[in-house]
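Fit chain R to the given chain Y structure using the hints.
Protein chains: 2
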Amino acid sequence: MSIMEMSHRGKEFDAVIKKAESDLRRLLAIPDDDYAVLFLQGGATTQFAAVPLNLCAPGDAVDYVVTGSWGDKAFKEAQKFCKANLIWSGKSDKYTKIPSFEGLEQNPNAKYLHICANETIHGVEFKNYPTPSNKDAVLVADMSSNFCSKPVDVSKFGVIYAGAQKNVGPSGVTIVIVRKDLIGNAQPITPVMLDYKIHADSASLYNTPPCFAIYICGLVFEDLLEQGGLVEVEKNNTKKAGILYDAIDGSDGFYVCPVEKSVRSLMNVPFTLQKSDLEKKFIEEAAKEGMVQLKGHRSVGGVRASIYNAMPLAGVGKLVAFMKDFQARHP
Amino acid sequence: MSIMEMSHRGKEFDAVIKKAESDLRRLLAIPDDDYAVLFLQGGATTQFAAVPLNLCAPGDAVDYVVTGSWGDKAFKEAQKFCKANLIWSGKSDKYTKIPSFEGLEQNPNAKYLHICANETIHGVEFKNYPTPSNKDAVLVADMSSNFCSKPVDVSKFGVIYAGAQKNVGPSGVTIVIVRKDLIGNAQPITPVMLDYKIHADSASLYNTPPCFAIYICGLVFEDLLEQGGLVEVEKNNTKKAGILYDAIDGSDGFYVCPVEKSVRSLMNVPFTLQKSDLEKKFIEEAAKEGMVQLKGHRSVGGVRASIYNAMPLAGVGKLVAFMKDFQARHP
Numbered sequence: 000m001s002i003m004e005m006s007h008r009g010k011e012f013d014a015v016i017k018k019a020e021s022d023l024r025r026l027l028a029i030p031d032d033d034y035a036v037l038f039l040q041g042g043a044t045t046q047f048a049a050v051p052l053n054l055c056a057p058g059d060a061v062d063y064v065v066t067g068s069w070g071d072k073a074f075k076e077a078q079k080f081c082k083a084n085l086i087w088s089g090k091s092d093k094y095t096k097i098p099s100f101e102g103l104e105q106n107p108n109a110k111y112l113h114i115c116a117n118e119t120i121h122g123v124e125f126k127n128y129p130t131p132s133n134k135d136a137v138l139v140a141d142m143s144s145n146f147c148s149k150p151v152d153v154s155k156f157g158v159i160y161a162g163a164q165k166n167v168g169p170s171g172v173t174i175v176i177v178r179k180d181l182i183g184n185a186q187p188i189t190p191v192m193l194d195y196k197i198h199a200d201s202a203s204l205y206n207t208p209p210c211f212a213i214y215i216c217g218l219v220f221e222d223l224l225e226q227g228g229l230v231e232v233e234k235n236n237t238k239k240a241g242i243l244y245d246a247i248d249g250s251d252g253f254y255v256c257p258v259e260k261s262v263r264s265l266m267n268v269p270f271t272l273q274k275s276d277l278e279k280k281f282i283e284e285a286a287k288e289g290m291v292q293l294k295g296h297r298s299v300g301g302v303r304a305s306i307y308n309a310m311p312l313a314g315v316g317k318l319v320a321f322m323k324d325f326q327a328r329h330p
Numbered sequence: 000m001s002i003m004e005m006s007h008r009g010k011e012f013d014a015v016i017k018k019a020e021s022d023l024r025r026l027l028a029i030p031d032d033d034y035a036v037l038f039l040q041g042g043a044t045t046q047f048a049a050v051p052l053n054l055c056a057p058g059d060a061v062d063y064v065v066t067g068s069w070g071d072k073a074f075k076e077a078q079k080f081c082k083a084n085l086i087w088s089g090k091s092d093k094y095t096k097i098p099s100f101e102g103l104e105q106n107p108n109a110k111y112l113h114i115c116a117n118e119t120i121h122g123v124e125f126k127n128y129p130t131p132s133n134k135d136a137v138l139v140a141d142m143s144s145n146f147c148s149k150p151v152d153v154s155k156f157g158v159i160y161a162g163a164q165k166n167v168g169p170s171g172v173t174i175v176i177v178r179k180d181l182i183g184n185a186q187p188i189t190p191v192m193l194d195y196k197i198h199a200d201s202a203s204l205y206n207t208p209p210c211f212a213i214y215i216c217g218l219v220f221e222d223l224l225e226q227g228g229l230v231e232v233e234k235n236n237t238k239k240a241g242i243l244y245d246a247i248d249g250s251d252g253f254y255v256c257p258v259e260k261s262v263r264s265l266m267n268v269p270f271t272l273q274k275s276d277l278e279k280k281f282i283e284e285a286a287k288e289g290m291v292q293l294k295g296h297r298s299v300g301g302v303r304a305s306i307y308n309a310m311p312l313a314g315v316g317k318l319v320a321f322m323k324d325f326q327a328r329h330p
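Protein sequences appear in the order of chains Y and R. The working numbering puts the first sequence at residues 0 to 330. The working numbering puts the second sequence at residues 0 to 330.
Same shape as in the complex, but just chain Y (with noise of 0.2 Å):
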């Protein structure tokens, strides 16, 4: 019998879903007393209004840094259940900056900070995190696209959400990590699938979770403690994303990211070409040489190369030779 097959009431699926959790606690070493961790559905988007729903009530205010797309996004849809506060935005700038946290003007009486810790489409990342000025205020991060491509001090948030599909699992598992005192005091309004205490009371197994999203998942977690962790995934994430930034900056200006070198992303590497109308060519080679997917998000344009865990240091390798042939051959 399958995975798929099995009850998700069986004590074959229940140890499966425990061993996940277990793995990634070990993996983010996320404290059992303190935090909940939960396998859900919907994506980050549900986790957008989940949070404020969760976390506050109709008229509390929170904050809003908002660094790309996917942090605007939540910040429009809190604006539905709280008094959402836009504190700061990259937008003038194209999302091609992280703000100073000393410069953020937060609001007193805040009941979270909420990030989003990389930004997928722009190539935007948090390197170190601001820290709420109101001391019962939490900081909540969207991590979908580095979940578990690095370390990070569980300690200092409220609330990590993931969508799963880009680092640890196919798509339609989302996992939040949430501090247990922040949990059940959902507005009234709350569907119950966007209760966090309707999960954390039931282990993940209100109702059918999607069992072999969690599987993978679960198989992920394994491999990356067997590759030594996410200190050493860090390491090769780092040497990845360092081969491919020095090409781009290294090309005499052939190839430009547009984004502020200290908080590009080791996951998302956005490029234009100097010569934009090679831009549809470039994309085209690379994919007779195997390398897809690397057109830009089609709000943006330009090339993106989505450098992920799964993505072997000989592929990054692959692009940058194919990238120095391709600017000799197009002086």
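Rather than coming from a laboratory, the hints here were simulated on the basis of the structure. Treat the hints with care, as some may be off.
Claimed, not checked - Residues on chain Y that point at chain R, a partial pick, calculated with CB under 8 Å: (1) T44; (2) Q292; (3) L293.
Beta carbons are placed, not taken as given, at the ideal position from N, Cα and C, and that holds for glycine.
Positioned in the frame of chain Y, the structure of chain R alone reads:
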């Protein structure tokens, strides 16, 4: 590259989801012009909230006929978002009946009438469907556990929704068939992921969908069409269920099915042993012969044989033979 590695924005996955939708439309004869077909996440439990959020304003009246645990959950969730009325409940009869439609006291202003077409735990199935008395109201059905087990006249419904995991795919995808004129009036507090308009406008690709689960659903739809469509599927299911109910009814009371004969489910066959102390032994011995997951739902106990589309006639035959043998050994 596997389906799990592809971008959901690529032409490969686009072909997969379009083919799945088109095959489902053929299977259920869903009119293209009048109904949207959505592939969503979060199970029927998410739809328990989405239905009232999309179909009515906070003060609107809606009617629920509750014939089992799932209908009861749907009713309770709806109370958060509108004035939900329980117009009939089978609870006092331990959920073994379906009401006569003539006797239903529907609210004249109800926006919809909600039923659960097949109660998975109690084994009670609607064989035909009530009509809302208010001509502007629509019928809404949770078909999670009998979806694609028989033909359904979709035009009688405003909304049909179904978690896929019983008959058509792995857990993690929920199919919603919704009449197009009902889309676009969601309450302002509706989370984006519960808003039918968002998903209809983007052909179920607003955010990353559960690609693998949708792919498998597509394969199942192809298979059901090859079997001759739902008329043939129903014939097979009727034969399977008939053999099992006959064995129960012909056991001189050794086995007892509490459900009223005219509304017994073709999918879930719950029964008890007159000598209830033998149930544990029955389930253990069946497991030794490879027949597992026969334990009744933890909320009701007893035995339950779930004989979804994928269960072959021979599987039911084997169970019936075992039942007769077990009875002979326990006179």
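Results for each hint:
no.: 1; hint: T44; result: holds (5 Å)
no.: 2; hint: Q292; result: holds (5 Å)
no.: 3; hint: L293; result: violated (11 Å)
In this structure, only the earlier hint numbered 3 is contradicted, and the remaining ones agree with it.
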